[in-house]
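S.K.: Kindly generate the complete structure, drawing on both the sequences and the hints.
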Amino acid sequence: MNNLLKELQHAELQRQTRRHFLKECGFGLGAIGLGSLLGSCGTSGSETAAPALPDDPMAVRMPQFAPKAKRVIYIHMAGAPSQLELFDYKPELEKYHGKDCPAEFLEGKKFAFIQGVPKMLGPQGKFAQHGQSGAWISDYLPYLQTVADEVTFVKGMYTDQFNHAPAQLLMHTGSPRLGRPSLGAWSIYGLGSENQNLPGFIVLASGGKQPDAGKSVWGSGFLPSVYQGVQCRTGGDPVLYVSDPSGMNRDIRKNTIEAINEINRQTYEEVQDPEILTRISQYEMAFRMQMSVPEVMDVSKEPQYILDMYGVKPGDGTFAMNCLLARKLVENGVRFVQLFDWGWDTHGTSADGAIEIGLHNKCRESDQAVAGLLKDLKMRGLLDETLVVWGGEFGRTPMQENRNGQVLPFMGRDHHLDAFTIWMAGGGVKKGFSFGETDELGYYAVKDKTHVHDLQATILHLMGFNHEEFTYPFQGRNFRLTDVAGKVIKPVLA
Amino acid sequence: MFLILLLQVSDWAIFFGRFHPVLVHFPIGFLLLAALLVIGKRLGKVSISDATISLILLVSAISATFACGAGYLLSLGGGYDEELLDEHMWQGLGVAAFAWVAWVVHSDFAYKKFPVSRAVYLPALGLATILTMVAGHHGGSLTHGEGYLTAYTPEPFRGLAGMEPRREEITEIKPIANVPEAIVYQDIVQPMLSVHCTQCHNATKKKGDLRMDSFAYLTKGGEDGPIFVAGKSAESEMLKRCLLPLNDDDHMPPKGKPQLSDNQIALLAWWIDQGAPVDKKVAQLKTDEKIKPALASLSVGENAKEGDGYNATGSPVLSLKVPEPNEKAVASLKSAGLLVNPVAAEQNFLEVSAVNAPEFTDAKVALLTPLAEQIIWLKMGDTKITDAAMGEIAKLKNLNKLHLEYTAVTDAGLKNLQNLPYLQYLNLVGTKVTDAGLQSLGSLKAIKDVFVWKSGVTEAGIAQLRKARPELNIVTGLDEAAVAAFLQAGKADSTQIAKKEIE
Numbered sequence: 178m179n180n181l182l183k184e185l186q187h188a189e190l191q192r193q194t195r196r197h198f199l200k201e202c203g204f205g206l207g208a209i210g211l212g213s214l215l216g217s218c219g220t221s222g223s224e225t226a227a228p229a230l231p232d233d234p235m236a237v238r239m240p241q242f243a244p245k246a247k248r249v250i251y252i253h254m255a256g257a258p259s260q261l262e263l264f265d266y267k268p269e270l271e272k273y274h275g276k277d278c279p280a281e282f283l284e285g286k287k288f289a290f291i292q293g294v295p296k297m298l299g300p301q302g303k304f305a306q307h308g309q310s311g312a313w314i315s316d317y318l319p320y321l322q323t324v325a326d327e328v329t330f331v332k333g334m335y336t337d338q339f340n341h342a343p344a345q346l347l348m349h350t351g352s353p354r355l356g357r358p359s360l361g362a363w364s365i366y367g368l369g370s371e372n373q374n375l376p377g378f379i380v381l382a383s384g385g386k387q388p389d390a391g392k393s394v395w396g397s398g399f400l401p402s403v404y405q406g407v408q409c410r411t412g413g414d415p416v417l418y419v420s421d422p423s424g425m426n427r428d429i430r431k432n433t434i435e436a437i438n439e440i441n442r443q444t445y446e447e448v449q450d451p452e453i454l455t456r457i458s459q460y461e462m463a464f465r466m467q468m469s470v471p472e473v474m475d476v477s478k479e480p481q482y483i484l485d486m487y488g489v490k491p492g493d494g495t496f497a498m499n500c501l502l503a504r505k506l507v508e509n510g511v512r513f514v515q516l517f518d519w520g521w522d523t524h525g526t527s528a529d530g531a532i533e534i535g536l537h538n539k540c541r542e543s544d545q546a547v548a549g550l551l552k553d554l555k556m557r558g559l560l561d562e563t564l565v566v567w568g569g570e571f572g573r574t575p576m577q578e579n580r581n582g583q584v585l586p587f588m589g590r591d592h593h594l595d596a597f598t599i600w601m602a603g604g605g606v607k608k609g610f611s612f613g614e615t616d617e618l619g620y621y622a623v624k625d626k627t628h629v630h631d632l633q634a635t636i637l638h639l640m641g642f643n644h645e646e647f648t649y650p651f652q653g654r655n656f657r658l659t660d661v662a663g664k665v666i667k668p669v670l671a
Numbered sequence: 062m063f064l065i066l067l068l069q070v071s072d073w074a075i076f077f078g079r080f081h082p083v084l085v086h087f088p089i090g091f092l093l094l095a096a097l098l099v100i101g102k103r104l105g106k107v108s109i110s111d112a113t114i115s116l117i118l119l120v121s122a123i124s125a126t127f128a129c130g131a132g133y134l135l136s137l138g139g140g141y142d143e144e145l146l147d148e149h150m151w152q153g154l155g156v157a158a159f160a161w162v163a164w165v166v167h168s169d170f171a172y173k174k175f176p177v178s179r180a181v182y183l184p185a186l187g188l189a190t191i192l193t194m195v196a197g198h199h200g201g202s203l204t205h206g207e208g209y210l211t212a213y214t215p216e217p218f219r220g221l222a223g224m225e226p227r228r229e230e231i232t233e234i235k236p237i238a239n240v241p242e243a244i245v246y247q248d249i250v251q252p253m254l255s256v257h258c259t260q261c262h263n264a265t266k267k268k269g270d271l272r273m274d275s276f277a278y279l280t281k282g283g284e285d286g287p288i289f290v291a292g293k294s295a296e297s298e299m300l301k302r303c304l305l306p307l308n309d310d311d312h313m314p315p316k317g318k319p320q321l322s323d324n325q326i327a328l329l330a331w332w333i334d335q336g337a338p339v340d341k342k343v344a345q346l347k348t349d350e351k352i353k354p355a356l357a358s359l360s361v362g363e364n365a366k367e368g369d370g371y372n373a374t375g376s377p378v379l380s381l382k383v384p385e386p387n388e389k390a391v392a393s394l395k396s397a398g399l400l401v402n403p404v405a406a407e408q409n410f411l412e413v414s415a416v417n418a419p420e421f422t423d424a425k426v427a428l429l430t431p432l433a434e435q436i437i438w439l440k441m442g443d444t445k446i447t448d449a450a451m452g453e454i455a456k457l458k459n460l461n462k463l464h465l466e467y468t469a470v471t472d473a474g475l476k477n478l479q480n481l482p483y484l485q486y487l488n489l490v491g492t493k494v495t496d497a498g499l500q501s502l503g504s505l506k507a508i509k510d511v512f513v514w515k516s517g518v519t520e521a522g523i524a525q526l527r528k529a530r531p532e533l534n535i536v537t538g539l540d541e542a543a544v545a546a547f548l549q550a551g552k553a554d555s556t557q558i559a560k561k562e563i564e
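Protein chains in written order, with the numbering used here: chain C, 178 to 671; chain X, 62 to 564.
These are calculated hints, taken from the structure and not from any lab test. Please read these numbers as outputs of a predicted model, since none were measured by experiment. Warning: the hint list may mix true and false statements.
Taking lysine-lysine and the PhoX-like style, the derived pairs with C-alpha atoms no more than 20 Å apart in a straight line are [unchecked claim]:
id	chain 1	residue 1	chain 2	residue 2
1	X	Lys515	C	Lys505
2	X	Lys281	X	Lys293
3	C	Lys664	X	Lys316
4	C	Lys626	X	Lys301
5	C	Lys667	X	Lys353
6	X	Lys268	X	Lys281
7	X	Lys515	C	Lys626
8	C	Lys276	C	Lys296
M.R.: Shown next as structure tokens:
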């Protein structure tokens, strides 16, 4: 403690020699402010001896009511997986396989690629009911079948956007346009970070490509940027440039950061720009992360059978590894873990983008890890408080894609906004439940239709927030994640 | 005036405003006293000096002025019937004005200057007195609602005064015994309107020029026109208002008043969609799958109680009221490296987590005790605590979730927990707890989820506890053999496209 005080005094003296004449002499008020600032330094008993910020952005705020899900793992299958191959079983569609699409489905409709009159495409997966709940899951997802009774399916989802980027933005920020905070950013704005040594919102991407909407899908929008998601790499250094350069030890780094933050704090006192608080807390966080991130991202201490359960080898950087890391992160109190896996956009233009090959292989790459994650969370007692969400940004058509009016070499489905399926498990949702239905051919959600905003309202509800009252003032009005819509899907709540 | 303008913006306005009902009694009392004394004096029954009457008039005028000021501030809070409020305001201002006039013309000073002015004295005093009574009555109506004074007029005076017979107010919806035979409007729709709407939309209040106390008035609508379109619930104003966000100014019933439940809204929409018939029974209308749960709820009388679903508690502990946590105790926990977070707004419960304090030991566990009532979620996982800490932890009597995973806690420590009435979640993963310790949990009233993966607990022990408490969710985990069995699931992958083939 003494040493720290001395360091501070030293830093303070240095600061005075440089800036004394420029600032303090001219503005007596500044000196008074400085005095109070130093006062708080002296009495602070915390380890870093940092004066308490006027408004610690990462402090835990109060949810409006006791949360059922204290943490979220959101698994976004970017590109939009086909609900008709995986969950939404439509035997009737089988009968129409190869026939022309009825005109009523095409009138006044716009598709991303379908032109003219496409043919209907029957379900390619083999469906059966699984678990006590009798959930329909196809043989594309054999591992998920084993945890069917943990999951609530929402089969009547619909959205407003049929292109990837706007649809992903709508799914994660509540608006198809750029500039709104993401769900993860809202959550840590509302709930703060539990583990003070790790970011509250961590993003892990796989599949070899970033989401189409770019980093805005985990951005902080108009919220202070301290709430944006921190993307970690799954191979090599998890966060670049967080380790010390050679020749610099941890103590020197600490002094440097404290000096920089001291200056930043004074600037904040003068100009009151909240972005300076972000900067300060990011420096401090980066310093703490030097120790904590490598530790939490290191899976070498995991027993072999746990690695087997997810189907990973240390350092392979796959989606499966990200699932394992997601478990480790929530175990360590990270509030929101966002997984993105690219490659689910199955138009049928190539083998990789074919329902019967590409989609099936994406399932093979991810199915075991997702089921393993649910099992792992459950046996550690984490699933009770962790909400797992799995889904894409929209659905896929019951028609086979006929890009440019041609017959494509592989089976594919176009983007579809009128029906898709997502599922949730854990933190406060029912186990072994299915909500919502589509029509006989899986074209429209017809029963218990659930808009993207309804899903968002439900997730916020599970985290303890009334989505209508959870707002942030910006440009003269209060904004919320669900814009002016959204209704909590009460039937799925446990 | 400046003061009032300044006041408008703050809590001070409402604070002073609320003194209005106190202040108004001064002018009422003093003016009536003045009137009484003046009459008594005229009749020669009372001997009193003019100076005394002057004093009483002065006090009346001053107190009436203050009452007016406070009344204005009170009205800023809103929520009053505009028309009645307006009348009341002018009457109140009249009281103050005439009281001042009466005082001025009564004084010797005015008399000497304008001898005629004395002629104004009696009319001014008389008007002030009458206005006091009228304003007082209107003030009462504003506060308690119109008709409050005479609502309980007994017969035969009731009949003599030409008042309608008193009707029982519906404040609660009674369960319907035979739903299919119930008349939809009379037995389902009107009762919920009577509970949620007619307080403001009745014969006397008529907000928005709308009455909702009979079918005829419903069809007539309000100042913005009809409130429903038979057969089209989506175009019906009545329903739109219910579905607006609670914070919207146009939302009905207004924020803060009891809201219609989802089932009630569904029933209302269904009734409108069916053409809003006045005399049809449930069985005579078309019912689909969607409306069935709402209709079913009528027979159990639940539709009024469903609420907005936002008190997603799960545990009865959350409905307890506990005092605010001691700030010093919270600070000392924080300085021990623990995270202390409120569980939810407007509650004093705390969540304490040692996620950043792996070095937390038995020596510091006593720091928790001053917050014994407030701590309901405690995360001690992966810390250095042992059985010695469990005595102190057991003092946290409202504990609902307890994480002890990967600690040195054993059966001996668990025995301490037996008197925790709200303990629902207990994580014992990676501890040395055995079957004996597990059995000791059988006496915990609320226990629901127990996690025993990688502990000393065996399947036999679990089976034994399940016999006593079949509802318990005791979660073990996967060992190597179980993982191997799980991996077999992939073999069910029936389609034969090998991954290599497409690469």
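S.K.: Each hint should be assessed against the structure and marked as holding or not.
M.R.: Hints versus structure:
Distance check on the hinted pair: Lys515 of chain X and Lys505 of chain C sit about 17 Å apart at the alpha-carbon level, within 20 Å; holds. At roughly 17 Å between alpha-carbon atoms, Lys281 of chain X and Lys293 of chain X fall within 20 Å of each other, so this suggested pair holds. As the CA atoms of Lys664 of chain C and Lys316 of chain X are separated by approximately 17 Å, the hinted pair is consistent with the 20 Å bound. Pair hint Lys626 of chain C plus Lys301 of chain X holds up; C-alpha atoms about 19 Å apart against a cutoff of 20 Å.
For the suggested pair Lys667 of chain C and Lys353 of chain X, the alpha carbons sit about 17 Å apart, so the restraint of at most 20 Å is met. For the hint linking Lys268 of chain X to Lys281 of chain X, the alpha-carbon distance of about 14 Å falls within 20 Å, and the restraint holds. At roughly 43 Å between alpha-carbon atoms, Lys515 of chain X and Lys626 of chain C are farther apart than 20 Å, so this suggested pair is violated. The straight-line distance between the Cα atoms of Lys276 of chain C and Lys296 of chain C is roughly 5 Å, inside the 20 Å bound, and the hint therefore holds.
Of the numbered hints listed earlier, the single one contradicted by the structure is hint 7.
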